[in-house]
Amino acid sequence: MTRSTRPVCALTIAGSDSGGGAGIQADLKTFAAHGVHGLSAIAALTAQNTRAVTAVQVPAIAFLRAQIDACFDDFRIGAVKIGMLANARVIHCVADALEAWQPKVIVLDPVMVASSGARLLQPAALQALRTRLLPMASVITPNIPEAELLLGHAISDGADAEAALVELLALGARAVLLKGGHLPGKEMIDRLDDGQALHEFVHPRLKVSGHGTGCTLASAIAANACLGMGLEEACAAASDYVHGALRHGYRAGRGEVTVLDHFWQRPNTVGAACVGADWRGGVFGGKKPGGRPRPRKA
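Per the working numbering, the sequence shown starts with residue 256, numbered consecutively.
Derived by calculation from the structure, the hints in this document are not laboratory data. There's no promise every hint is true.
Straight-line Cα separation of at most 20 angstroms, SDA-like style, residue types lysine to any residue; simulated pairs [as the list claims (entries may be wrong)]:
no., residue 1, residue 2
1, Lys462, Arg509
2, Lys441, Ser411
3, Lys359, Leu486
4, Lys359, Arg387
Start from the sequences and build out the full structure, keeping to the hints where you can.
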């Protein structure tokens, strides 16, 4: 039976990943895994796979704004996740739209560098990100390299990370979840500072290189906000979710990165569809279908 009530939705404004591991694709899978209806406004088109980003194309600014307006005009949006925004014009467009629509929760993942090492944010856009979007966000979720770019100095250990949280708050962020995966140590520590208290989410370090972990974390926080969680609970649950998705991840291409299994908490996940090295493609497996064959008409 069709449900009559409209759900609270999550909107992602980010780049499309043709490899399916990060960006819009990771966000929508994350929303679905949390039972949240996902919306998307594509701010960039990337040609990428598990080895490299080979090309980036930015859609017309008017079209990006039209996508965002179309979503807000029709859906109940509980949270917005912002990912890759390639240049200053895109950043100003998104900021203008969000100022007009005033969503309750904004999760900003300041994507600047891809997992492959490719620079995704033009240098001229960094100041626009700092001044327009960072103060607007409910929480920002930089990794260590992104925090270093925002602050202009290196972050080498846990003490540096805690100091960086204070500096990022001073830039205008209302709350910061600093991802610690790039720091040395046997544990991966994500640190949340909301200006009132410091919280640490600790997991054992996995000996894999993940693809799309940052996108997934931010979109999981947005999904959890739609489910009614507060900031600390949403971030803690999202950190656990990403660790599990990475632990259950798989190799999707020839690159050395692990693609997350976004549906690891459910049976029959994508990992079950992984094929052996002898697979040649073009042939369906499984049981023979029932029913009687019918001759094709001439």
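Satisfaction of hint between Ser411 and Lys441, Cα-Cα up to 20 angstroms:
It holds: about 15 angstroms lies between the C-alpha atoms, which stays within 20 angstroms.
Starting from Lys359, check that the Cα of Leu486 is at most 20 angstroms away, please.
Holds: Lys359 and Leu486 sit about 12 angstroms apart, inside 20 angstroms.
For a C-alpha distance cap of 20 angstroms, please report whether Lys359 and Arg387 respect it.
17 angstroms, holds
Given the hinted pair Lys462 and Arg509, is their Cα-Cα distance within 20 angstroms?
Answer holds: Lys462 to Arg509 is near 18 angstroms, not above 20 angstroms.
Consistency note: the structure conflicts with none of the earlier hints.
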